[in-house]
Amino acid sequence: AQSVSQHNHHVILSEAASLELGCNYSYGGTVNLFWYVQYPGQHLQLLLKYFSGDPLVKGIKGFEAEFIKSKFSFNLRKPSVQWSDTAEYFCAVKTDSSYKLIFGSGTRLLVRP
Amino acid sequence: DAEITQSPRHKITETGRQVTLACHQTWNHNNMFWYRQDLGHGLRLIHYSYGVQDTNKGEVSDGYSVSRSNTEDLPLTLESAASSQTSVYFCASSDGTGHGYTFGSGTRLTVV
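So the sequence lines, in the order shown, correspond to chains A and B. Position 6 of the first sequence, counting from 1, maps to 6 under the working numbering, and the rest follow consecutively. Position 53 of the second sequence, counting from 1, maps to 53 under the working numbering, and the rest follow consecutively.
In short, the hints are calculated from the structure, not lab data. Just so it is clear, CB atoms sit at the ideal spot from N, CA and C, and this is done for glycine as well. Careful: at least some of the hints might be erroneous.
A few chain A residues that face chain B, going by a derived Cβ cut-off under 7 Å, partial list only [said to hold, decoys possible]:
| hint | residue |
| --- | --- |
| 1 | 13 |
| 2 | 39 |
| 3 | 56 |
| 4 | 79 |
| 5 | 83 |
| 6 | 86 |
| 7 | 99 |
Coverage of chain A stretches by chain B, computed from C-beta distances (three or more under 8 Å per stretch; other residues unrestricted) [unchecked claim]:
| hint | segment |
| --- | --- |
| 8 | 42-54 |
| 9 | 100-106 |
Here are the computed distance ranges between Cβ atoms for each label pair [said to hold, decoys possible]:
| hint | chain 1 | residue 1 | chain 2 | residue 2 | range |
| --- | --- | --- | --- | --- | --- |
| 10 | A | 97 | B | 40 | 23 to 29 Å |
| 11 | A | 84 | B | 1 | 41 to 47 Å |
| 12 | A | 56 | B | 16 | 50 to 56 Å |
Make the full structure from the sequences, and use the hints.
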């Protein structure tokens, strides 16, 4: 069965620090990849997504992610985090055999002012 | 504007009771999904539907059922609520391209 792994469950950073959250998936076929953010008490919001083309994807709020097919990875990055980035981040995968979105377990990011 | 709405936002119920959570979307999406969110587990798929009269089990379907009688609604029923089903439940829908997924605001269910 397909699965998604997020290696960091909790991350604590100071403002202006750089962020990289890991995401790996297990599936040998074609995938669509997503990063979602959930701010405290809110529902999921799409940060960015990858379907094809340039493996470096830029999303909202200064986030970007790079798809590395050989590593089955889709890591999320931001050069300089802000206190308002405190949230939980989810990586998700859709395979070419289904419309289901499969989520990782999430990473809780705390940004200290 | 099209939207996806869940009701109720919060619910407290007793063990053994039947509970139904509503999900209604006006996107005219064929695909609809129910997830539960638990700390440390992310979002896990409960049931999903690819169209009217179509329903499928997800990875954590035991104790839950769904029915799809029209395009807009996918109600989730807990046949006999258990404390282990205390969770936040999210409904989602997507179009046929698989490019866009829209999530509801969630229902926080507490089983006491």
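Cross-check of the supplied hints:
1. Below 7 Å, beta-carbon pairs count as interface contacts, and residue 13 of chain A has none with chain B, the closest being about 21 Å; its hint is therefore violated.
2. Taking 7 Å as the C-beta contact cut-off toward chain B, the hint placing residue 39 of chain A at the interface is violated, the least distance being around 12 Å.
3. Annotation: residue 56 of chain A was flagged as interfacial toward chain B, and the flag is violated, the nearest CB pair being 19 Å apart, outside 7 Å.
4. Hint status for residue 79 of chain A: violated, given a least beta-carbon distance of 26 Å to chain B, over 7 Å.
5. Hint on residue 83 of chain A is violated. Least Cβ distance to chain B is approximately 22 Å, over the 7 Å limit.
6. The criterion of a C-beta within 7 Å of any C-beta in chain B is not met by residue 86 of chain A, whose closest approach is roughly 16 Å, and the hint is violated.
7. With a cut of 7 Å, the hint placing residue 99 of chain A at the interface with chain B holds, because the nearest CB-to-CB distance is about 5 Å.
8. Beta-carbon proximity to chain B at under 8 Å applies to 6 residues in the segment 42-54 of chain A; the threshold of 3 is reached and the given coverage holds.
9. Check on the segment 100-106 of chain A: 7 of its residues sit with their Cβ under 8 Å from a Cβ of chain B, so the three-residue criterion for coverage holds.
10. Checked against the given bound of 23 to 29 Å, the beta carbons of residue 97 of chain A and residue 40 of chain B, roughly 27 Å apart, stay inside it.
11. At roughly 25 Å, the beta carbons of residue 84 of chain A and residue 1 of chain B sit outside the given window of 41 to 47 Å.
12. Between residue 56 of chain A and residue 16 of chain B the CB atoms are about 52 Å apart, so this pair conforms to the stated range of 50 to 56 Å.
This entry does not satisfy hints 1, 2, 3, 4, 5, 6 and 11, going by the numbered hints stated previously.
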